[in-house]
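Here is what each chain is made of, one letter per residue.
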Amino acid sequence: MAIDLLKDRGTPLEQQKFTWKDLVQPTYSKLDDDAFTRVRVILMNGIEAEALRFGHSCARMNRDLQVHLAKVRRIEQHQQTMVNWLNPPDQSPLETTIGFEQVAIEVTAAVALKEPDPYLAQVYRFGLLEDFDHLYRYSALMDRVEGKDANTLVQSYTDIVPGRPTSVEHRDAADDIRRAYQKDRAELATKLHAFTIMSAEHMTHDYYMTVGPTYADPVGRQLYAEIASIEEQHVTQYESIIDASETWLEKWLLHEATEVYNYFSCVESEGNSRVKAIWERFLDYELGQLRYVADLFEKMERRDAAEVITSQLPSPIDYVSHRNFVRETLRAELNLTAKGEEFVPFDQESDLSRRQREQLNSEGSPSDFVSAGYIWAPGTELTRQAPNVSDGRQRQQPTAH
Amino acid sequence: MATTQPDMGINRTGIGTSPRLSGDMIDATKEFRPSVSGDERQIAYVRGDYAREADKLGSVPPPPTAKGMAKTALQGLKSARPVQFIDKLGERLGFERSGVRVYEALISKFDHTGGFEGGPERMEVEQILREEFEHFRMLEAAIKKLGGDPTALTPSANFHATMTSGVIASVVDPRTSFAQCLEAALLLELADNDCWDALVQLADRAGQNDMVADFEKAIRDERDHLLKIRTWLAVAQGRAGATNGG
Ligand SMILES: [Fe+2]
Ligand SMILES: [Fe+2]
Ligand SMILES: [Fe+2]
Ligand SMILES: [Fe+2]
Ligand SMILES: [Fe+2]
Ligand SMILES: [Fe+2]
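Here the protein sequences line up with chains U and C, keeping their order. Using our numbering, the first residue of the first sequence is number 1, and each one after it goes up by one. Using our numbering, the first residue of the second sequence is number 1, and each one after it goes up by one.
So that you can see chain U by itself, here it is in the shape it has in the complex:
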């Protein structure tokens, strides 16, 4: 199916309708559906959440756009509901968390591979290795606290091994700001990639901040606190790669184009027919929303929408395992850190980042505690070794390798 971002009219706003029954659809199956169905649902919930978040920020700064924003945002909110409610009730918050990290790994890897700007591709690879580590730490939590195998969720598509250790991901805030693309030079793909990953990371942060305190085990509560802090760093990184000189309407247009692009990618890869029908319906809705905003843009800014978006969408996101790419990145770039806008070997990190990390870890590192010596095995680590029961005596701190 060929999409023309400048010509397609999609479903007109007035025809974008819902009922409560419609918003709450049968869910996908945690057991039988492909892991990438969960990945798409989690990502699209994040994309819709960003549509709302942006719409509200924009409304607070632009009185003349408020009615238009309210109209579109009401639909975005209902879209987010329908998508997010596809998650099944037998999927615990920690299980959904595993899905969030699989999104951050596989979708970021797909984007890193397609990104035309080499600096930004590096930014994605850098973030990727950190989220890759989160999957391993949360998997250790799930195994060691609940006796469950995270691979029942990732379905062997994504390796469960350490990445850049979470305990060394903590940096000074200034070292999370990157160089931005330039709006007049960047390709549409670059813009859509940035909006997509920023949205995913923001939703991840907000999700951990919501479910973290519902976890009973103290190490689990600490681990959510620690990883949520990294996700805040990631949001900081990914929003900084977007050109801040884009106008509000230009950003709105790009948000709608991002939604079109992502629903299109979902339609192209979805195997669950009921879920696919939702992606198709919302692709048409987003084309209608894009049209509405493009008309507004042309009327209010007296510019052609073609100055911001092109007719043709970039190639869709590949929902496949990126195991080999991730492993190559691990081998080559594990030892990097960020210093200002640049990536440098870890021993050249800034003093401020070192101090920040030492401060936060000074009473121990949750991600190290939870995964000390942890090696994932099919059916949990209890298939490899007998449990090590605490003798009730004092701790020995885990040591870094």
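What the hints contain is simulated information worked out from the structure, not anything from laboratory work. Hints should not be assumed to be uniformly reliable.
Which chain C residues stay away from chain U? Per the calculated CB distances, all over 10 Å, these [said to hold, decoys possible]: (1) K56; (2) P61; (3) V83; (4) E121; (5) F133; (6) D149; (7) L190; (8) Q201; (9) L227.
Between beta-carbon pairs, the in silico distance windows are [to be verified]: (10) C:L153 to U:F18: 36 to 42 Å; (11) C:R130 to U:P316: 54 to 60 Å; (12) U:L13 to C:P174: 39 to 45 Å; (13) C:R20 to U:K71: 46 to 52 Å.
Computed from a predicted model, the values in this text were never measured in an experiment. Yeah, the Cβ is synthetic: ideal placement off N, Cα and C, and Gly gets one too.
Model the placement of chain C with the ligands on the given structure of chain U, informed by the hints.
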């Protein structure tokens, strides 16, 4: 009549789904090793740190009236542990009240997915529901009689509610079958049986003879519930013929 057997299908959770991909998973663990040494005991240490500083879940409220206070005090011989007694009465009250809602969900499951050959009649499930309701009301009266507040959520009630939250979640999920949900009822009834036994002993120790008599009636009901649920499950799983009794 619904089938009581699970379907065979395309479950993707095991490593058998793709031997090639799962072989890769295992290979990765050989190349990329743990970043810190140690084992799961680190988790126990953190639990210890927090246990040392933690507050309790909460407390049992004092009796709301002076009259209640006097009554509780009267019965409050040291060996009677009145605070514990109120805590456990509150626990049963909450459990029975949730039990009513679980059986309501079970009945709608029965109506929509259907029962099975040799399984219960709708009336039989309704009867269990009614008895759980009676137990709830009886406990309400018992707590009032001791001068306690039956609307308070006691620590033990809260603890049991956390334990049984999965029971409620599994019976209200539209994807679960009536036969599956009988397992949730089994979990409830097993706990119910033991907890009522304990409660009779506590009532006896508190010198509450009327309660002992009432609670013994509840125990007889719970024995009957457990036997019925076990029998239906045996039939549902093909472990017994479609005969009654156990
Ligand atoms: Fe949307
Ligand atoms: Fe992450
Ligand atoms: Fe992240
Ligand atoms: Fe939209
Ligand atoms: Fe009962
Ligand atoms: Fe019962």
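Sort out which numbered hints this structure fails and list those numbers smallest first.
Result: hint 12 breaks, nothing else.
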